[in-house]
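**Q** Sequence:
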Amino acid sequence: MARDDTEPYYWAVLSALEHLNHRLAISGEELARRRKDWERAYLRTPHGQPIMLE
Numbered sequence: 142m143a144r145d146d147t148e149p150y151y152w153a154v155l156s157a158l159e160h161l162n163h164r165l166a167i168s169g170e171e172l173a174r175r176r177k178d179w180e181r182a183y184l185r186t187p188h189g190q191p192i193m194l195e
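Residue numbers (this note's numbering): 142 to 195.
Errors might be hidden in some of the hints.
Stated by the list, open to error - Label-pair restraints from in silico Cβ distances:
(1) 178 / 148: 12 to 22 Å
(2) 192 / 160: 11 to 21 Å
(3) 150 / 177: 10 to 20 Å
(4) 147 / 195: 14 to 24 Å
(5) 160 / 182: 18 to 28 Å
(6) 166 / 189: 17 to 27 Å
Stated by the list, open to error - Taking lysine to aspartate or glutamate and the EDC-like style, the derived pairs with C-alpha atoms no more than 20 Å apart in a straight line are:
(7) 177 / 159
(8) 177 / 195
(9) 177 / 148
The hints are simulated quantities; they were obtained by calculation from the structure and are not laboratory data. Everything numeric in this text was worked out from a predicted model, so none of it was measured. All C-beta atoms, glycine included, are put in the ideal place defined by N, C-alpha and C.
Please work from the sequences and hints to get the whole structure.
**A** Put into structure tokens, the structure is as follows:
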């Protein structure tokens, strides 16, 4: 199985979003929900396609 070279990008984007959420004073509970939503969307999105949060 080929290595997924997009993983570092995923973590960088996630870190940036978490930093933004912290600056906007979003609660830890809301942040956890958004993180889970983002991870689910990332995992179901084919490589090269835009990630869509629903």
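**Q** Does each hint hold? Answer for all of them.
**A** Outcome of the hint check:
1. The hint said 12 to 22 Å for the Cβ distance between residue 178 and residue 148, and at roughly 18 Å that hint holds.
2. Residue 192 and residue 160 have their C-beta atoms about 18 Å apart, which keeps the hinted 11 to 21 Å range intact.
3. For residue 150 and residue 177, the Cβ-Cβ distance of about 19 Å falls inside the hinted range of 10 to 20 Å, so the restraint holds.
4. The supplied range of 14 to 24 Å is met by residue 147 and residue 195, whose beta-carbon atoms lie about 20 Å from each other.
5. Distance hint check for residue 160 and residue 182: the Cβ-Cβ separation is about 19 Å, which falls inside the suggested range of 18 to 28 Å.
6. Remark: the range hint 17 to 27 Å for residue 166 to residue 189 is contradicted by a beta-carbon distance near 35 Å.
7. Distance hint between residue 177 and residue 159 is fulfilled; the C-alpha atoms sit about 12 Å from each other, no more than 20 Å.
8. At most 20 Å may separate the alpha-carbon atoms for a hinted pair to count; residue 177 and residue 195 meet this at roughly 12 Å.
9. Pair hint residue 177 plus residue 148 holds up; C-alpha atoms about 16 Å apart against a cutoff of 20 Å.
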